[in-house]
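> Sequence:
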Amino acid sequence: FKDQATERGFLGRRKDALVSRACIIAILAAVLSLSTFAASFLLVAPNPPGGSPHYGEVLLVSRSLHLLMFVLSFLLTLTCKSSLSSKLRPALMEGLVIVLAFVGMVCAVLCTPTRSCKLLGHNFREVLPLNAYESDSDMILYVDGLITAVHLALPIRWFVMTPLALGSILVFVSVAFGLGSEEPVFNRCVNGMSLLFLVIAISLGKRFHEMDERKAFFDIIQ
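First residue of the sequence shown: 64, per the working numbering; consecutive thereafter.
Calculated from the structure, these hints are not laboratory results. We put the beta carbon where it would ideally sit given N, CA and C, even for glycine. There could be a bad hint or two in this list.
Said to hold, decoys possible - Below, computed lysine-lysine pairings styled on DSSO-like, alpha-carbon distance capped at 30 Å:
#, residue 1, residue 2
1, K150, K278
2, K65, K78
3, K78, K144
4, K150, K65
5, K278, K65
Unchecked claim - Listed next, with one range per pair, are the computed distances between beta-carbon atoms:
#, residue 1, residue 2, range
6, G72, E245, 43 to 53 Å
7, L97, K278, 26 to 36 Å
8, A108, S198, 15 to 25 Å
9, S145, E120, 42 to 52 Å
Model the full assembly from the supplied sequences, consistent with the hints where possible.
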């Protein structure tokens with residue numbers, strides 16, 4: 064809205080819904096991250112005799128990223144449940160959620176042992192067990208899943224969401240083409256374009272829905 068008072072009223076009207084829904088999403092993210100953290104101990108094979116000396120540090124980085132995701136989700140849950148949420152301005156609450164979502168996305172992508180290995184500058188085939196392999200499918204699922212959840216579940220303004228949408232594409236490109244991927248270059252390009260169009264479609268859907276919300280709000284206050 065051109066009128067700042069109207070914009071503040073629109074934001075204030077949606078703040079309670081943002082806090083309650085962000086809490087639900089944060090709890091789901093905490094459960095997921097804690098589950099994957101536990102799985103990293105239960106399902107990941109220990110370093111075999113004569114294995115790489117870097118195996119332990121790779122697992123440490125991977126598990127640390129899993130744990131960081133849980134901590135971020137837990138902090139957002141505490142913020143939403145505490146009196147702090149009532150003291151935060153709606154715009155600040157929006158920004159906090161977006162920042163935590165982006166950091167969580169990066170952690171989710173990099174916590175896979177093969178990528179944690181590359182992050183430390185090692186060849187995962189020389190460090191991880193022989194059955195280790197890498198695919199971009201989990202990265203695409205993490206990125207698209209988070210973008211979809213945030214856009215559909217949380218009443219955050221479209222233009223505030225835009226950096227997260229652009230950041231998701233940047234994360235994929237940086238990891239797939241910068242850090243490296245086992246996928247053929249053609250597949251990486253197709254995956255990247257597919258993700259781009261998914262993000263554009265979700266972002267446009269968010270924009271159209273917000274325009275309808277703004278029109279309804281303006282009609283009510285008139």
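> Run every hint past the structure and note whether it holds.
Structure-based check of all given hints:
1. About 28 Å separates the Cα atoms of K150 and K278, which keeps this hinted pair within 30 Å; it holds.
2. The straight-line distance between the Cα atoms of K65 and K78 is roughly 20 Å, inside the 30 Å bound, and the hint therefore holds.
3. At most 30 Å may separate the alpha-carbon atoms for a hinted pair to count; K78 and K144 meet this at roughly 13 Å.
4. About 25 Å separates the Cα atoms of K150 and K65, which keeps this hinted pair within 30 Å; it holds.
5. About 13 Å separates the Cα atoms of K278 and K65, which keeps this hinted pair within 30 Å; it holds.
6. Taken as a hint, the range 43 to 53 Å holds for the pair G72 and E245, whose Cβ atoms sit roughly 51 Å apart.
7. Distance hint check: the CB atoms of L97 and K278 are about 41 Å apart, inconsistent with the given range 26 to 36 Å.
8. At about 18 Å, the CB distance of A108 to S198 agrees with the hint of 15 to 25 Å.
9. Checked against the given bound of 42 to 52 Å, the beta carbons of S145 and E120, roughly 36 Å apart, lie outside it.
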